[in-house]
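K.L.:
Protein chains in written order, with the numbering used here: chain A, 1 to 113; chain B, 1001 to 1401.
Simulated from the structure, these hints should not be mistaken for laboratory data.
Just so you know, these numbers come straight off a predicted model, no measurement behind them.
Yeah, the Cβ is synthetic: ideal placement off N, Cα and C, and Gly gets one too.
Here are some, though not all, of the chain A residues that point toward chain B, as calculated from beta-carbon distances under 7 Å:
# : residue
1 : K33
2 : H63
3 : S64
4 : Q71
One-letter residues, chain by chain:
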Amino acid sequence: MKRLALVVSLALVATAAVSAFAAPPKKAPAVSKVSITLPGDLDFTFKNAPGVDVVQANCLACHSSAYVSTQPILTQAQWTAEVTKMKVAYGAPIADIDAPKIVEYLTTNYGKL
Amino acid sequence: MTDRRTFLASAASSLAALSVPNTARAADSTVTLPFENGRRPVVAYPQKRPMIVLTPRPVQLETPFSVFDKSVFTPNDEFFVRWHLSGVPTSVDGDAHRIFVMGTVGRRLTLSVDDLRHTFEPVEIAAVNQCSGNSRGFFDPRVAGGQWTNGAMGNARWKGVRLRDILDRAGLSAGTKQIRFAGLDTAPFKETPLFVKALDVDIARGDDVIVAYEMNGRPLPLLNGFPARLIVPGWYSTYWMKMLSRIEAIDHVEDNFWMKTAYRIPDTPNNSVAPTDKGYATIPINRMRVRSFVTNIADGAHLVAGPQLVRGIAFDGGSGIAKVDYSLDGGTTWLPTTLGPDYGKYSFRQWSGPFRPRTGIPYKIACRATAVDGATQTSTPTWMPAGYQRNIIETYAVTAG
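Extracted from the complex, chain A is given alone in its bound form (with noise of 0.2 Å):
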């Protein structure tokens, strides 16, 4: 069972008192600061295959391994362009020598030929 944390702290606007277990007060406190904890990748991991290391330290600087495996069967030309988008568009610092690494890896665990 995973438990996410939140901590709000709270300065109310409204001055009246409110039994606690009330009907929340009719005006909305206004809540001053919102503080809360992400729970990271969840169980979400890249599969253990070869090429694995250079996809663990290529992508998960952006996002998790749930923006490939929740994909569809992409071919490799469309794996291929996901990779340069991630490089090109978004910036990742993907070395020329990695890019086709990370492509066979995905066309071999998450795509089609």
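Please arrange chain B on chain A, whose structure you already have, making use of the hints.
P.N.:
Only chain B this time, still in chain A's reference frame:
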């Protein structure tokens, strides 16, 4: 276990800043959506009830579709979540937050949420917020992108101030072409384009575009953009900037990645193309297409025979819903429905019609909304490589017994 309502009530009673751990917990469950690679965990994120996790980082949460049958307004703690960049702020001070109004203006403004609440005329509007890619998982052929079913949408009462009033206080310079917006989220690399969106000035100055600080009478959940977000009724939610921190008037057309490359639709009839088409012009996505759904009966349901209702929701890009028809035979014959209360032209509009299924007969329920502007739905899907704007007539195969 303390539920959220009790938590809020007891927190409110103390009249002092306090820290209380949320007892929300993840449901130990998964759901399998009806397409390839559709298995998803169902998890209660902070300030949220259990929702379908599309991706945990950046966080994207889909509303379970049964939620849309409970109320015409989508609860804040079940409202979908979609962030683009991994730098989602997890701690936001609503008192210290400032919205900077700058650019081609007579005078710059620095506004707190308190300034919004107390120095502008408040307005409240019911409006549907829908992701451009809602229902992308149903595209055929499939396309890359966030694989949502139909739950990347929600309807809320948004309270705030008119963007036009803010712009008028700043005084737009002649020659202002667009207003661009940024929030507090950050990019992982300096080469990553920051999430910035822009609206033409005439759209930005529209009557109903607001900077909202309340959602259904409450502060926004952090993941929905606390403490303030832009509301662009009738338009897809890519423009509804969360954690709004910058409003900038510019004398040109914004050409960053998020406007020039992403969130564009083919400039073709029905914005539709064939998968093999290349070289067509594109335009920024804008107003939502008319849609309708059945909310009380799921596809594949086995019902108890006898009299009952089919009910659902409809909405469009801001002209309002004129009528919703429904069919029990997959669209061969259509019947009128009764529309529910009218919460305004941007809101979900509920509808219902009688249904008396008999044992052993297969039914194919369908619904078709027609907007005030005359637009309606068809049974032929449109297609584009980005997977936006799905609005096909939905059908639901059911039996009874």
